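Using the supplied hints, reconstruct the complex from the two chains, each of which is provided in its own coordinate frame.
Residue numbers (UniProt numbering), protein chains in the order written: chain A, 1 to 199; chain B, 1 to 89.
Read the hints as simulated data drawn from the structure, not as lab findings. Computed from a prediction, not measured in an experiment: that's the story for all the values here. Ideal Cβ positions, reconstructed from N, Cα and C, are used throughout, including at glycine.
Restraint ranges, calculated between C-beta atoms of paired labels, are given here:
1. Gln86/B x Phe38/A: 29 to 35 Å
2. Pro24/A x Ala45/B: 38 to 44 Å
3. Glu82/A x Leu13/B: 51 to 57 Å
4. Glu40/A x Gln86/B: 21 to 27 Å
5. Ser36/B x Asn133/A: 27 to 33 Å
6. Ala136/A x Gln71/B: 18 to 24 Å
7. Ile80/A x Lys84/B: 19 to 25 Å
Simulated pairs of lysine-lysine, BS3-like, Cα-Cα distance not exceeding 25 Å:
8. Lys76/A x Lys67/B
9. Lys70/B x Lys53/A
10. Lys121/A x Lys67/B
11. Lys68/A x Lys67/B
12. Lys37/B x Lys12/B
13. Lys84/B x Lys44/A
14. Lys84/B x Lys76/A
15. Lys8/A x Lys158/A
16. Lys46/B x Lys20/B
17. Lys76/A x Lys70/B
18. Lys84/B x Lys68/A
19. Lys46/B x Lys12/B
20. Lys8/A x Lys84/B
21. Lys44/A x Lys65/B
22. Lys158/A x Lys14/A
23. Lys181/A x Lys65/B
24. Lys67/B x Lys44/A
25. Lys8/A x Lys68/A
26. Lys121/A x Lys65/B
27. Lys44/A x Lys158/A
28. Lys68/A x Lys70/B
29. Lys14/A x Lys89/B
30. Lys14/A x Lys68/A
31. Lys44/A x Lys89/B
32. Lys41/B x Lys65/B
33. Lys68/A x Lys65/B
34. Lys70/B x Lys44/A
35. Lys14/A x Lys76/A
36. Lys53/A x Lys84/B
37. Lys14/A x Lys53/A
38. Lys37/B x Lys65/B
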Amino acid sequence: MSEVQRRKYSQEEKNTIFDGEFMPHIDSMYNFAYRLTFDEDDAKDLVQDTYLKAYRFINSFEQGTNAKAWLFRILKNSFINEYRKKSKQPAKVDYQEVETYYNSDDVQYQSTTDLRADSVKDMLGDEISNALNSLAVDFRTVIILCDLEGFTYEEMAKILDIPIGTVRSRLHRARNLLKEKLRGYAQNMGYNTEEEEEI
Amino acid sequence: MAMNEETSGARKLKCDDTSKCFELLESILDGEMDNSKEVLKEKLAKCQPCFEHFHLEQAIRDVLKTKCTKQEVPNELADCIRQKIQEIK
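Chain B extracted, bound-state conformation (with noise of 0.2 Å):
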């Protein structure tokens, strides 16, 4: 991706430190982050590489949960686990 010292817009094109903004941007996706929400509108607004990396991480855990599907419990499990704890009560 080419990147250089340019802005594009509102946007920075090339992030200052990717290392230490998407440790954040991921710390805010996973919900460990209180009062995230003015760092982050600041984030997305000023820095392309950001905005882009903070959407592709939020897409993935999207599709994870969304798109993985539970897998289907068979009936009769909680009746063979009820059985079972009834035998060593």
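Pulled out of the complex, with its shape left as it was, chain A reads as follows (with noise of 0.2 Å):
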């Protein structure tokens, strides 16, 4: 993602780049690092670590280029590198395992719940908010740069260095996680599902 061509900025443009194209995406980057770590204090190192990195290799960016899938992208490269061995992160999913899954016949982009869209509506942000935090790191990114940061396919390609149609099928098979786990607040909660005897 723009890093193949060094470039070699003045003091100035440096800092131009860092306080138009870089700081800006603050907000976003830390949400996401909070929903990676699950803890402010990790989140708030992430960030500044992150933004030191970004700083320090900004001769690597193209100004003018899409900053904040730069910028995710190192953040997520830090957070696999640092921060991840020591949060108590679920076991890593096998994906070998998940695309051979979705590459077979009979699973694929089938409807898997009874839940409806007028019970998704209804229910409060914190119920969406503690579904989407108990998804593994893997699916909750994907959702999180696709449906929270609305990132293209393509950039969260290069973000995650997966190819798209890994990109495609992580976020599908991550959905309907969330759709599972949104089932069971649901019918918790008493909304309408249609069909209570399928647990």
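Structure below.
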């Protein structure tokens, strides 16, 4: 991602890029970091480290290109390399298994739940947020990038260093898992689901 | 959900290819399809499973975007970053 050609920015240009293109994304960066680490101090450290790295490697960034995606990629890599080790994340998902599962004939893009759109609309922010937070980090990440931050599949592929096809299948799988969680909430809260015996 | 070959009103109750249709609908919702309006209109008008799937997926995207409240960024974070940058300049 814009790292092939190194530039040589003047101090003034660096400041302009940093303030004009990097800092405006601090809210999104912090939100992403917090949803990865679930800890305010870890999230602050992660965002701070990301910005320091961004400054250090600013010559690898092409002015005017997609700064947000560039920063998110650095943050994601910092998280994997430094924070994931010490945080108590669920075990890494075996994607080979996931991909095989989704390449098999019988389970592509089926409607897996009887959750209703109206039930989802009635849910509280905490329920939605808890459902998202309960997903394994790699599934949570694709939903954050796509639905909360609005990245395209192509941008996500670059941020995560995975092929677009994998972005698509991981996202689909993540949303199905999320739907299962939401369906559980819907039933507990007495929202209308169509077939209660299908648990 | 009971589905059969009969139609209800204008919409089929059974989708001919949910796998292909749902993948398409999800791509449209994710903004990955150009000129998708006509395709979408036709699908939603003609197929009940597609109609329901689309609205559920849309509702989930909407609540994620609107109800997953942004974490409030600590006030001192931006200043702290700027200060560290000054130190390494």
